[in-house]
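A.B. asks: This is what each chain is made of:
Protein chains: 2
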Amino acid sequence: MNTEKINIAEKLSLFSDHWNPRIVGELNGQHVKLVKFKGEFVWHKHDNEDELFYVVNGEFIMEFRDKTVLLKANEFIIVPRGVEHRPVAENEVSVMLFEPTSTLNTGNTKGELTREQLEKI
Amino acid sequence: MNTEKINIAEKLSLFSDHWNPRIVGELNGQHVKLVKFKGEFVWHKHDNEDELFYVVNGEFIMEFRDKTVLLKANEFIIVPRGVEHRPVAENEVSVMLFEPTSTLNTGNTKGELTREQLEKI
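Chains as they are written, first to last, in this note's numbering: chain C, 1 to 121; chain G, 1 to 121.
With the rest of the complex left out, here is chain C (with noise of 0.2 Å):
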């Protein structure tokens, strides 16, 4: 049983590269994740997959097919399955994700920006 506290502060202090999330925590099948994001992410979607996205402090677009959303701190989206995004940050961005332990950074778009083995921090 794992009853520590987290810090967020703490815990993004810890890294700097863009995206690459770490996890922080783990319940119920899902992941806790915090990762930085800075300039354009690849488009992809999640077939199995819903993910939360939370914004820490700093804020980004979330690019879909048919309209943008700007989200700033304290404030959240959730992107269904299936729905094609690309998350696009002009200045870092710091974010908190929700989502099944199962989920894949780039979803359905293997490339350079894909992180198969994530850190536990």
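Note that these hints are calculated values from the structure, not bench results. A portion of the hints provided could be inaccurate.
A pair counts as met if it fits within one copy or between any two copies, since identical chains are not told apart.
[Claimed, not checked] Computed cross-link-like contacts, DSS-like style, restricted to lysine-lysine with a CA-CA straight-line distance of at most 25 Å:
(1) Lys45 / Lys67
(2) Lys67 / Lys5
(3) Lys36 / Lys110
(4) Lys72 / Lys38
(5) Lys36 / Lys72
Keeping the supplied structure of chain C fixed, place chain G upon it in accordance with the hints.
C.D. replies: Same frame as chain C, now just chain G:
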């Protein structure tokens, strides 16, 4: 498909009662809830659900049978299934919960604080 963004402060402004979680999101069989705590809750456990408590603002103490954990803003704790716990808040605190849709707020201890039908806001 619902890809509207959720603003936490805006949702928190919609209610003021304590110990009555509201549903603000759903994904992968999990609910995202917001709740305000003040005072002492009841000791309880969830036999089949792990629960995540994320402090949006304020602070509270999570009591376990063998220790207590003080949680402040932007900190979270995961309470594994089967583990007895009791949240206690000297002052009002706003908390985001992430847990299976099957989760009953008072777990195995039904009583006057039990909320069976949660409002979606």
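A.B. asks: Run every hint past the structure and note whether it holds.
C.D. replies: Now the hints, each set against the structure:
no.	hint	result
1	Lys45 / Lys67	within (15 Å within a copy, 42 Å between copies)
2	Lys67 / Lys5	between (37 Å within a copy, 12 Å between copies)
3	Lys36 / Lys110	within (19 Å within a copy, 42 Å between copies)
4	Lys72 / Lys38	within (14 Å within a copy, 28 Å between copies)
5	Lys36 / Lys72	both (14 Å within a copy, 22 Å between copies)
Violated hints are absent here; each numbered hint is respected by the structure.
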